[in-house]
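Trainee: Working from the sequences, and respecting the hints, build out all of it.
Under this note's numbering, residues 165 to 586 are what the sequence shown spells out, in order.
Simulated from the structure, these hints should not be mistaken for lab results.
Beta carbons: idealized from backbone N, C-alpha and C, even for Gly.
Please note: incorrect hints may appear among the correct ones.
[To be verified] Derived Cβ-Cβ restraints for the label pairs, each shown as a range:
| hint | residue 1 | residue 2 | range |
| --- | --- | --- | --- |
| 1 | 425 | 319 | 38 to 48 Å |
| 2 | 298 | 457 | 15 to 25 Å |
| 3 | 282 | 425 | 40 to 50 Å |
| 4 | 308 | 480 | 29 to 39 Å |
[Said to hold, decoys possible] Keeping only pairs whose Cα atoms sit at most 27 Å apart, straight-line, the calculated DSSO-like set for lysine-lysine is:
| hint | residue 1 | residue 2 |
| --- | --- | --- |
| 5 | 567 | 314 |
| 6 | 314 | 178 |
| 7 | 187 | 516 |
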Amino acid sequence: MTIFLSNTSTFKTKALQWASHFKVCCVFDSHNYEDKYSKFDFLLGADSLSELEIYTSNVQAFEQLKTYKQHKNWILGGLAYDLKNGVENLQSHHKDELNFPDLFFFEPKHLLILKGKILSISSPNAKEIYHQIIGVKPNKKLFEFTGQLKSTFTQAQYIATFNKILTHINRGDIYITNFCIEFFADNVAINPVLAFKKLSEISPAPFANFFKWDDKFIISASPERFLAKRGNKIIAQPIKGTAKRNTDLGTDKQLKTNLQHDYKEQQENVMIVDLLRNDLTKSAKASTVTVEELFGVYTFAQVHQMISTVVCQAKPELDAVEIIKNTFPMGSMTGAPKLKAMQIIELYESTKRGVYSGAIGYFSPDGDFDFNVIIRTMLYNASKKYLSFEVGSAITTNANAEKEYEECLLKAEGILRVLDGK
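Mentor: Structure, rendered in structure tokens:
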């Protein structure tokens with residue numbers, strides 16, 4: 165069923181509210197950012213014909229996903245960072261208050277895709293679904309958060325840990341790593357739909373995502389693509405390099421220019437680009453890995469970001485799941501060399517990352533896929549009343565501890581504004 169929508173914004177709001185009543189639902193919203201690799205502007209999947217849920221980070225998780233997605237239509241779902249333990253000989257022993265699955269996918273019973281103003285509905289009762297959605301009365305309440313936000317690291321603790329990590333860099337164990345800290349609140353009750361609506365208003369992002377998996381919620385304003393497949397082309401777009409926005413247009417433009425030419429930020433970016441080039445060779449036809457764009461600077465609500473694009477032609481014999489596994493987890497959230505960086509992350513971070521710095525995305529029936537990086541994201545376990553979000557920054561030999569801590573707070577700004585009611 166195909167329909168022309170005159171007001172897409174109102175429809176998207178109603179559709180999410182309608183979908184959130186199901187046990188499982190998922191929304192991807194590009195917020196009208198231009199992206200030559202996107203298949204749609206908005207996608208919603210609700211209710212499930214089948215599900216795959218894995219809580220054990222073992223080597224078989226990707227194999228089970230590979231089997232699950234065969235002969236199905238669209239499949240939506242997520243991969244937690246700790247699937248690394250099955251990809252490499254690694255472990256995760258930190259506390260986990262969120263208890264998300266390590267891998268979770270579903271085959272939606274109802275699928276809505278919006279491109280421009282054209283809506284397509286795939287459902288056993290598409291006409292009825294459409295009328296249910298347009299009949300929804302939007303919740304006009306404001307998002308409320310009354311909890312007490314805490315952090316796993318004070319500024320002093322962050323700086324002390326930063327210096328320990330810098331010792332590893334200076335002696336050559338690693339070149340770069342992404343060190344993250346958690347902000348959390350317990351015994352809180354929030355409305356996840358209103359939280360996503362508010363976050364989208366404050367921080368619209370090209371890879372924004374709302375995911376409900378029973379009592380667990382992902383509320384994301386991610387600006388980063390992890391990996392996509394378009395035909396035989398694989399696309400990775402790591403973000404490394406951040407500058408704060410300014411309300412003065414002239415100053416803001418200068419900050420963007422400064423980021424473009426900042427040696428330290430370029431150094432971070434190119435290290436991860438090189439790591440991605442290496443990761444993609446596992447899936448690429450010989451001599452096809454290329455850097456399509458290096459040090460591109462893009463503007464978002466709170467920050468300018470340096471984004472590079474690395475592409476290749478995939479080996480035709482490889483399944484899409486194998487291509488993802490060959491690159492997982494994403495280098496922008498680990499560091500280089502990748503294995504050693506992940507070991508150091510485990511040594512110095514204090515929280516199990518879980519879904520954070522993992523990926524949410526889809527497999528489409530034509531063999532393509534697209535996954536984001538779960539950053540700038542609130543994670544919420546409604547049963548445990550536990551809310552969490554993590555932020556991090558890259559540490560290199562040229563990094564400054566105070567500035568990196570400030571960058572963490574800058575990346576948290578959008579979520580903090582949501583929780584502060586600003």
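Trainee: Mind checking the hinted window 40 to 50 Å against the Cβ distance between residue 282 and residue 425?
Mentor: Cβ of residue 282 to Cβ of residue 425: about 41 Å, so the range 40 to 50 Å holds.
Trainee: Within 27 Å, alpha carbon to alpha carbon, are residue 187 and residue 516?
Mentor: Since the Cα atoms of residue 187 and residue 516 sit roughly 25 Å apart, the hinted pair holds (cutoff 27 Å).
Trainee: Determine whether the Cβ-Cβ distance between residue 425 and residue 319 falls within the hinted range of 38 to 48 Å.
Mentor: Given a distance of about 29 Å, which is not inside 38 to 48 Å, the answer is violated.
Trainee: Residue 314 and residue 178 were given as a pair; does the straight-line alpha-carbon distance stay at or below 27 Å?
Mentor: violated, 33 Å
Trainee: Residue 567 and residue 314: Cα distance at most 27 Å?
Mentor: Distance of about 21 Å is within 27 Å: holds.
Trainee: If I claimed the Cβ atoms of residue 298 and residue 457 lie 15 to 25 Å apart, would that claim hold in this structure?
Mentor: Because 40 Å falls outside the window, the suggested range is violated.
Trainee: For the pair residue 308 and residue 480, does the Cβ-Cβ distance stay inside 29 to 39 Å?
Mentor: violated, 52 Å
Of the numbered hints listed earlier, those contradicted by the structure are 1, 2, 4, 6.
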